[in-house]
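Trainee: The lines below spell out each chain.
2 protein chains.
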Amino acid sequence: MFVILVYDIGEKRVAKVLKTCRKYLYWVQNSVFEGEISEANLTKLKIEVGRIIDYEQDSIIIYSFRTTKYSNVEIMGIKKGGEDNFL
Amino acid sequence: MFVILVYDIGEKRVAKVLKTCRKYLYWVQNSVFEGEISEANLTKLKIEVGRIIDYEQDSIIIYSFRTTKYSNVEIMGIKKGGEDNFL
Chain A
1 MFVILVYDIG EKRVAKVLKT CRKYLYWVQN SVFEGEISEA NLTKLKIEVG
51 RIIDYEQDSI IIYSFRTTKY SNVEIMGIKK GGEDNFL
Chain B
1 MFVILVYDIG EKRVAKVLKT CRKYLYWVQN SVFEGEISEA NLTKLKIEVG
51 RIIDYEQDSI IIYSFRTTKY SNVEIMGIKK GGEDNFL
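So the sequence lines, in the order shown, correspond to chains A and B.
Residue numbers for the first sequence follow full-length UniProt numbering, beginning at 1 and rising by one.
Residue numbers for the second sequence follow full-length UniProt numbering, beginning at 1 and rising by one.
Read the hints as simulated data drawn from the structure, not as lab findings.
There's no promise every hint is true.
Any copy, or any two copies together, can satisfy a pair, since identical chains are not distinguished.
To be verified - With a straight-line Cα cutoff of 16 Å, these simulated EDC-like cross-link-like pairs (lysine to aspartate or glutamate) come out:
{"#": "1", "residue 1": "LYS69", "residue 2": "GLU11"}
{"#": "2", "residue 1": "LYS46", "residue 2": "GLU36"}
{"#": "3", "residue 1": "LYS46", "residue 2": "ASP58"}
{"#": "4", "residue 1": "LYS69", "residue 2": "ASP58"}
{"#": "5", "residue 1": "LYS12", "residue 2": "GLU39"}
{"#": "6", "residue 1": "LYS80", "residue 2": "GLU56"}
{"#": "7", "residue 1": "LYS80", "residue 2": "GLU39"}
{"#": "8", "residue 1": "LYS80", "residue 2": "ASP58"}
{"#": "9", "residue 1": "LYS23", "residue 2": "GLU56"}
For clarity, every value in this text was computed on a predicted model and none was experimentally measured.
Go ahead and model the full structure; you've got the sequences and the hints to work with.
Mentor: Have a look at this one:
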């Protein structure tokens with residue numbers, strides 16, 4: 001499935017969350033990852049991230065889509081993501 | 001259609017972008033808006049935002065979906081969005 005993951009994480013934990021997300025998804029913008037991922041790997045990602053975040057301060061939203069057939073992506077301005085400028 | 005809009009905007013312009021996005025969508029997390037929007041209003045939003053952003057520094061990604069039938073949303077941690085704590 002296709003996943004868009006957006007995060008808002010406290011400074012102390014953000015590097016660890018980024019490292020974990022990066023194992024499964026592509027970084028596309030400050031606080032946004034996306035990518036194709038299996039159900040099994042999405043579960044793994046959620047468990048790993050769940051161990052890092054502070055549930056009373058941090059926030060992660062995961063949008064998942066069984067198909068991208070009905071979707072479209074448009075970028076305005078610069079494309080920030082990619083391996084090169086990844087934190 | 002359903003839209004997820006993520007932004008990474010320079011400090012000087014961010015308040016104006018937020019104000020514009022808020023006219024059409026709901027704020028759900030730091031740098032994320034979502035909502036149902038007509039094609040006509042999405043075009044308006046893009047034009048209005050396009051007048052504010054610096055195309056060499058800022059970045060906006062707009063994911064649009066003709067249906068949310070094949071999608072799912074999951075929130076981990078706190079729910080930050082909503083009118084109350086909007087900037």
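Trainee: Confirm or reject each hint.
Mentor: Consistency of the hints with the structure:
When the C-alpha separation of LYS69 and GLU11 is checked against a cutoff of 16 Å, the pair qualifies neither within a copy, at 36 Å, nor between copies, at 35 Å. For a Cα distance limit of 16 Å, the shortest separation of LYS46 from GLU36 inside one copy, 15 Å, qualifies, whereas the shortest one across copies, 27 Å, does not. When the C-alpha separation of LYS46 and ASP58 is checked against a cutoff of 16 Å, the pair qualifies only within one copy, where the shortest distance is 14 Å, while the shortest distance between copies is 29 Å. Within a single copy, LYS69 and ASP58 get their C-alpha atoms no closer than 32 Å, and across copies no closer than 28 Å, so neither meets the 16 Å cut-off.
In this assembly of identical chains, the alpha carbons of LYS12 and GLU39 never lie at most 16 Å apart, being 29 Å within a copy and 40 Å across copies at closest. Taking CA atoms no more than 16 Å apart as the test, LYS80 paired with GLU56 passes between copies only; the shortest distance there is 10 Å, against 29 Å inside one copy. Proximity of LYS80 to GLU39 under the C-alpha cut-off of 16 Å is found in neither arrangement, the shortest distances being 27 Å within a copy and 26 Å between copies. In this homomeric assembly, LYS80 and ASP58 come within 16 Å of each other (Cα to Cα) only across copies, at 9 Å, whereas the closest approach inside a single copy is 23 Å.
In this homomeric assembly, LYS23 and GLU56 never come within 16 Å of each other (Cα to Cα): the closest approach is 25 Å inside a single copy and 29 Å across copies.
Consistency with the previously given hints fails for numbers 1, 4, 5, 7 and 9, ordered from lowest to highest.
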